[in-house]
Structures are given as structure tokens and as C-alpha cells.
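K.L.:
So the protein lines, in turn, are chains L and U.
The opening residue of the first sequence carries number 4 in my numbering; numbering runs sequentially from there.
The opening residue of the second sequence carries number 4 in my numbering; numbering runs sequentially from there.
Hints were generated in silico from the structure; no laboratory data involved.
The beta carbon of each residue, even a glycine, is placed where N, CA and C say it ideally should be.
Keep in mind that a hint or two might mislead.
As the list claims (entries may be wrong) - Between beta-carbon pairs, the in silico distance windows are: (1) U:F287 - L:D457: 53 to 59 Å; (2) L:G316 - U:G474: 57 to 63 Å; (3) U:V399 - L:S306: 22 to 28 Å; (4) U:V461 - L:D457: 27 to 33 Å; (5) U:F233 - L:V461: 35 to 41 Å; (6) U:V399 - L:S319: 33 to 39 Å; (7) U:G474 - L:V178: 27 to 33 Å; (8) L:S319 - U:R415: 19 to 25 Å; (9) U:C460 - L:R414: 24 to 30 Å; (10) L:L419 - U:W309: 15 to 21 Å.
Number of protein chains: 2
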Amino acid sequence: RLIMFMYHFISIHVHPFWIQFFYFIIIDLFGSLLLMVLKPTDPDFKPRYVDMFFLSTSALTVSGLSTVTMERLSSSQIVICTLLMLVGGEVFVSMLCVFCRSAKTSIAELTVNRVNSVRIELETIDSVSTVERIESGTDISVKDFLRTSSLKYLGLVIVVYWVFFHVTGFIACLVYLYTISSSKEVLRGKGINLGLFAFSTTVSSFANGGLIATNENMAIFVRNSGLLLFQIVLVLAGNTLFPLFLRGTIWVIKCFTKNEELDCMIKSPKDSKFDHLLTNLGTFFRSITVLGMIVFVTTLFCSMDWRHPVFNGLNSYQKVVAALFIGVNARHAGENSVDPSLISPAVLLFIIFMMYLPSSANFMPLKEDEEKRYVEPKDNSRGITIVTKFLLLPQVVCVIIFVIVACIIERRRLLLDPLNFSTLNVIFEVISAYGNVGISTGYACSRLQKLHPDMSCVDQPYSFVGWWSDGGKLLIAFVMLYGRLKKFSAKNGKAWTLKG
Amino acid sequence: RLIMFMYHFISIHVHPFWIQFFYFIIIDLFGSLLLMVLKPTDPDFKPRYVDMFFLSTSALTVSGLSTVTMERLSSSQIVICTLLMLVGGEVFVSMLCVFCRSAKTSIAELTVNRVNSVRIELETIDSVSTVERIESGTDISVKDFLRTSSLKYLGLVIVVYWVFFHVTGFIACLVYLYTISSSKEVLRGKGINLGLFAFSTTVSSFANGGLIATNENMAIFVRNSGLLLFQIVLVLAGNTLFPLFLRGTIWVIKCFTKNEELDCMIKSPKDSKFDHLLTNLGTFFRSITVLGMIVFVTTLFCSMDWRHPVFNGLNSYQKVVAALFIGVNARHAGENSVDPSLISPAVLLFIIFMMYLPSSANFMPLKEDEEKRYVEPKDNSRGITIVTKFLLLPQVVCVIIFVIVACIIERRRLLLDPLNFSTLNVIFEVISAYGNVGISTGYACSRLQKLHPDMSCVDQPYSFVGWWSDGGKLLIAFVMLYGRLKKFSAKNGKAWTLKG
Ligand SMILES: [K+]
Ligand SMILES: [K+]
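Excised from the complex, chain L in its bound form:
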């Protein structure tokens, strides 16, 4: 009962930003402690707290950068990481938000109903146009009722959507691993349990987490184009194309059940005030933006690097699928099919641009106008706290500040090792963390030894940030958290923040 009261109190009186902020911070700290307590398989491997905190943050914010070798983690640690990605994914968080708001609305409605009934009682005293007022009163409560129940239905639809993709994804992955022997051999050779791998990869792809249990990420499966292709579907369903798929799901369910609320949801999606439910036109433009960028970057990548070492030993079909996989993952998921440090600079720059864009980005002018009309009226609110104001700093300026701070922290390495610690790589890493993408250019000893042939160096299969100092790692962890909460400062989230 106390818990219920607390829950209601928080969901009504606390700003959504703070709810999400504490949700992430608390789970993050809890997860990092769990990861510390569980021992890795390899007894020689004693991870430091800063690395485990980084891993926990990275998994929870679905970023997917790592500062440790994934295969040295024990199965229980992989499970924890997977669970963190599960509760940090965009679909899951937005599902929680819907339930939170539906509770809020039902309480508010209760109050409104009470007021309404009192008003109706009062109004029976004077006889002028009582009937009309009662009618309008009932109209309001019917509308409210429809809205609350439509929120509940929305929540249910998202649960169905979420469960469906996880189950089918898991089964498909498992079937693929058992039937295609080359992929099974790879995992057997590494001593990774097939079921665990299928589970963690499905969750990671759908949450756009990007943490895979193998050292090479998905690059080791670059010849298993089938596996890559259905990971692509999961990745798109879990984030950038969620509005399209969600609308499709609602439409399908509506056709089968003839439910009125669902119909209402499709016709006036703004009433539900759910970020991922857009009008037909909005969904169309957002999907076109996503698909257009994927096609563009895949074409650019293929045309620039077709004969380069990045695609060594692949046939044409595998090259195209690998490029497509990178194109899809550059937006948010961050799984690799190739070594990103071998991609040519022009493509890397475009990938940086894609990583920087939030998933709600939209290039069509019409949509922007529409959205503006929606946001404008609430723009002159004064109830923004200082933290939200800091978040409202223009995003580019924030990213530039983060990059400059990173360069200051790592200044000695930038001077000593300019090929690995090139400014572009630092920018890439910071923007990858900011966009919660997790693609990293990595670190190659061969590049260090080009300039300093006498220095000893052992290649490590983790992200570039793993080679940074502790200060740099903590900075990147902060940037990942900031990036996960950036929607509260971006234009799309602004309306919601100010309204909340």
C-alpha cells in the first residue's frame, strides 16, 4: 500500500526527467556492483571497478562501448549485461513511460470525475441549460475514459510487440546457429553457450545495445549474411523504425479485433502523446529518412571501399550485406560487421553524422512544420529547472565541449601516438558515446609502431576508450548517460518536458 502510494506520488509530482534520471543511475550503480561481485571465468583477470562501472553504464544506456575483453567475462556477467540492455532499451523504457502515465491519468480522471459529479449536483439547482452542461460533462468524461483506456491498450500493444520480437528473434537465431555449421563452429571454438549467445544477441539487437559476447562483435559472422540480415530487422524494429512497425502492429491488431480505441489511436495519434506514435505522414517521413540514410551510406561505403582491405576476402553479396549492416547499425545499434578503423574517412565522417542524429531526426520540411505547430504553444513556460536548462544548451556545443575536455584529459597520448589518438578518432568515440551507438575505431599497435617501432604493445579486442586514462573513461561514461537522456533537451522531447 505504501509502495502504491509512493508510486502514485512519484508518477504525479516528479518531473519525468528526474524519474528517468534516477531510474538509470540506480540501475547503473546496482548493475556495476553485481558485475563486480560476480567473478570472471579467467582467474587471472581481475577487472577494476571503473571498467565494470563503464560496462554497466554502457549496457544500460545501450551504447555498447567496452573497456574489457568480452570473452573473459563469465556467463553470469554476460547475463547481467543482457538484462541491463533489456531494461535500458528504448522500447522497454517507453513502455514503462506509458504505464506510468496511464496510472497518472487514471488518478487525475478520478479527481475530474469527482469534480464533475459535484458540479452536476450543484447545477441541478439552477434550471437553465442544465441538460446541455450535463451532456458536455459526460462528453468530457467519455473522452477522458477513452484516453485512459487507449493508453492502457497502447501499453498492451507495446508489450505484445516487445514479446513477439524477442521470442521470434531468439528462436530464429537459435535455429540459424544450429543449422549453419560454420556459425556453430565459431561459438563452439570460443566456448560460448549457443542459447546464451542467441538470447544476448537478440536482446542486444532489439535494444540496439551493441554488446555481443564475442571479441570481434558481429565481424566474425561477416560471411553468415543470413544472420546479419535478420539482426538488421531486429535492429530496425527496436529503434529507428519503431514508429513504422508500431503503427503497422496497431493496424493489424485493429483489423482482427475491430477495437474502437485502437482505431482512435491510429486516427489521432497526438492524443496519446506517445513519442513514437506519429501520424501517417509523420511515420512515412521518419521511415523515409531512416531508409534514405541507410541506402545512401551503403552506396557511399560500397563505392569508396569496394576493393579496399576492409572487405578483404568477401564475395560481392557478402560485401553488400556487410555494408548494409554497418549502414543500419551506424544510426544507433553499433554492431560491427567489419573493422571500422579501415573504413575510408569520407564514410567515417558520414557515420559520425549519422551517429550524432537522434532517432527522431527528420529531414522533411513538412514534418517539421507539423511538429512545430504542436510544440509552439507550450514554448513560453517558465518551470524549467537548472538541470534541464543545462541540458537545453545547444547539443552541438555540448558535444564540442566534451571533445575538447577529452582532448585535454588525453593530451599526452594525443602527442605521443597521433595515428591512434588522432583527433578524428577522439571525436568519433565521443560522438559514438553521445549517440549511444558504440561503434569504435579501436586501437592498433601496428599504427603505434609505425611511428615508434621500438615500443612494445599488445592488441586488445575492445573499444578505443579502453586505452584511455580513468578520467577519460569516466568522461565517456558521463557522455553516454547524457546522451541517453538527451531527448529531454532535443526539440522532440522539449514539448513533453515542458508539459510534464
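Chain L is fixed; fit chain U with the ligands onto it per the hints.
P.N.:
Below, chain U with the ligands without anything else, positioned relative to chain L:
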């Protein structure tokens, strides 16, 4: 008479963007032909047309990048470059705009007056409130008259301002060169005429052009802190602090002459619709932004690089002045006091950020609100041509596209010579051209030979773009022109564009 008619026709019916566009294009082509016709001093040096076109564009758009060795140009070519910078400088162009608009207004006024007199004649027929209408009519024409004459006065003030700084700057520079023997010796040794040098340097500094007749730019005078300090004043007066200085000048002239129009101009600067004439608060915030950034970057630069090779052999005072000089020049002028390739990455990143900002940038929230209120009402215009729409593409996206195209054009060099052709250097060069700044990281053969010890290479004292292919050079020339006209797409210029 025909010319007068043409002039009036153009100034009234043609969009200001097109006037400036053709102004720049025509002078640019004319200048490049002149530079081709005039022979360099050195008979072995046969410049190609693409280089001369680049030089002409660079001088006219006050960018200051160059693809040829400055000291191999003849005096007449230097004079042409100086004249190009003279007519391309922001103060000069805005002066022309004021005269253009004052002509336009006087014609419009003539029409209004005619209409007014007709109206008054008509109105004497009906007797109802004729007197009031006549009074309001006279009110309007008095206001119009005040506005036209205030535009003319504004033009005069800018002329005085412009002449004053050129004359004092030239005299001060000449006196300095004659009194301080070390600076005189440098120029004697290079065979550069002192008067020509003083003239071209003054024009270059005031126009924020950044082309200096010496190979080393101002870096050769790094020990002549006095010379650097008063170039700083010229640089600030000619662009970023122009609003502050202009307001000061108007105020001073007003105090001496007690002129009514000037008083009116100071009190309601928006009536004159001149971009550089702001309210007290606006001027204050813009100047604070400029000075704050200069102080910040100077501090950052000194703290990061105090003991680094970039300041080799300087005493503390000279170091501070050199850092201050870079800080002031990074915003627009682009003269160097040190070798930019030795500056540490964190400072370089901040310099890139400063170069990207237009001179009208403002960090204070109050000012933005004020500006918004001013811009908003005109926002729903429909008369934008396609070219202006292209210019209205978000600026960051344009810059990213330019950088990606540059990387595609120079892809072979990026692969072969990653230390010189690092992506950061390409980004730096493109943004330097876009911001019309002209600082360049240059090219060092030592960096090439670190990776390829056997390749022969001769250092050249020109910008990094001088090492690019012809396609790359033409791209940068286009970016410089685009950058010079960017105010038509930036927020500040938008109001004017849509209104024009
Ligand atoms: K990710
Ligand atoms: K310049």
C-alpha cells in the same frame, strides 16, 4: 542617365542576395584575370589560372588561404590582392549596402509623397476629419524623411570610420616599421617595399583578409609585440567589434555636432535596419561574446602549450601576445603569429569552433529572445527562390557535406599521407574557408617522411589547400564564396532576405 536608371532599377527590383552574388562573382573573375595578366617578379614562376582564381577568390572573400608563395608575386599583384580585400571587407560591403538602400528609400519616398499629395487633394473634397488625415500624412512623410536622411548620415559615419582606421593604421604601421629596426630589417631582407607592406597589411587587417605579403604571414613578427597589438585593434575594429566601435563613433560625433538624426539612430537602431547597428544591450552582449571567447581561447592556449615547441624561444610577454593574436584572429581575420600545426588538438578544436561561428554569433539568451521577436513576424513569407532555399539548408549539414566531398576528392592522399592529410586537417581547412578565416595547418614534409622516409618532398610556405588537387582547390574556392554569402541563410540575415 541610363546608368542611373539601371542602378535604380537594380537596387529596387533585384533581391539583395543576387546583387551581392553578382558583385562578388564579377569582381572575382575580373581580379583573377588581372592577376593572370600581371607577371610575377620571378620569371621561373608561371602560376596556373586555377591558382590565380583561388587567390582572387580568397582575397575578395577575405579568406586569406593561398595556394602560391606570396613572396614570388610581384608588387602589382600584391596591390591587386590588397584592392580585392579592400572591396570585399565587411565594413566596405555594408557601407555599399547602406548607400544602395538609401537610394532605394529616396525613390520609394518620392512615390509615397506623390501618393500623399494626391490623397490630400482628394481629401479636401470631403470635409470629414480632413485635418486629422493631413496631419497623419505629414507625420508619415516627416518620419520617412528622417529615416532617409538618417540612412544617409549612417553612410557618412561609416565612411568616416572606414577612412579613419585606414589612415591611422597605415601611419602607425609605417612609423613602427621605420622606428623598430628589427622589423625593418626583416622586410629589407625580403626585398619588400615598406610602404606597400604597411598599406597591404593595414587593409588586410581591417578587412580581416589575412593575406600578408610575407611567406610566414605575421609569424615572422612574433617578437614585435607592438605591431601585433595594434593589428589586433584593426582586426577587431574591422569585423567582430564593429558594432561596438560604430556605436561609439556615432555617439562621439553626436556629442560634437548635436545632430538629431544621429541621436535618433542611437535610440532606435532597429529603424535603420542595419545589421551592425544594435541596441545598447545587443552591442554589449555581442562584444562580451567576442571578448569572452578571446579571453577563453588565449587562456586555454597558454595553459595547454606554454612549454611546447609552438612558443619556442619567446619570453612570457611575447607568448601571451602571440596567443592573444591567435585568439583574436581565429574568429575571422586569420593572420598567424605561430605555426598552427604545432598547436595542441584541444585548442585547435576550439579554434575550429570559433572559425565556424559567424561574426553575429551571440551566447546570451536575452539577446536571442530580442532578435526572435524581431524576426518572427516575417517568418511566414513564401517568396524564397530555390537558391536561397539551398542556402537555408542547416549550416552544419552543408559544412559536413563539403568536408565529405573534400575527403572523397582527396581520398588517395588521405590514404597515403595520414599525418598531413588527417581528417582533422581537412575539416580545419574546409571550416577555415567556410568561415572566411584562412588559418591553415599547412603541410610538413617531415610528417610525410615519418611514414615514408624515402619520398622526396620540399616544404612550401602556403596553405594546406595548396597541396590539394585542382578539384579540391575549386571546391574550397566555392566554399569560400558560399561562406562569404552565408549571412543570407543565417538567422540574422534571414529577416533581411525574406524582407528584401
Ligand atoms: K548501441
Ligand atoms: K580572413
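K.L.:
Does each hint fit the structure? Answer for all of them.
P.N.:
Verification of the supplied hints:
| no. | hint | in the structure |
| --- | --- | --- |
| 1 | U:F287 - L:D457: 53 to 59 Å | holds (57 Å) |
| 2 | L:G316 - U:G474: 57 to 63 Å | violated (33 Å) |
| 3 | U:V399 - L:S306: 22 to 28 Å | holds (24 Å) |
| 4 | U:V461 - L:D457: 27 to 33 Å | holds (30 Å) |
| 5 | U:F233 - L:V461: 35 to 41 Å | violated (56 Å) |
| 6 | U:V399 - L:S319: 33 to 39 Å | holds (35 Å) |
| 7 | U:G474 - L:V178: 27 to 33 Å | violated (51 Å) |
| 8 | L:S319 - U:R415: 19 to 25 Å | holds (24 Å) |
| 9 | U:C460 - L:R414: 24 to 30 Å | holds (28 Å) |
| 10 | L:L419 - U:W309: 15 to 21 Å | holds (19 Å) |
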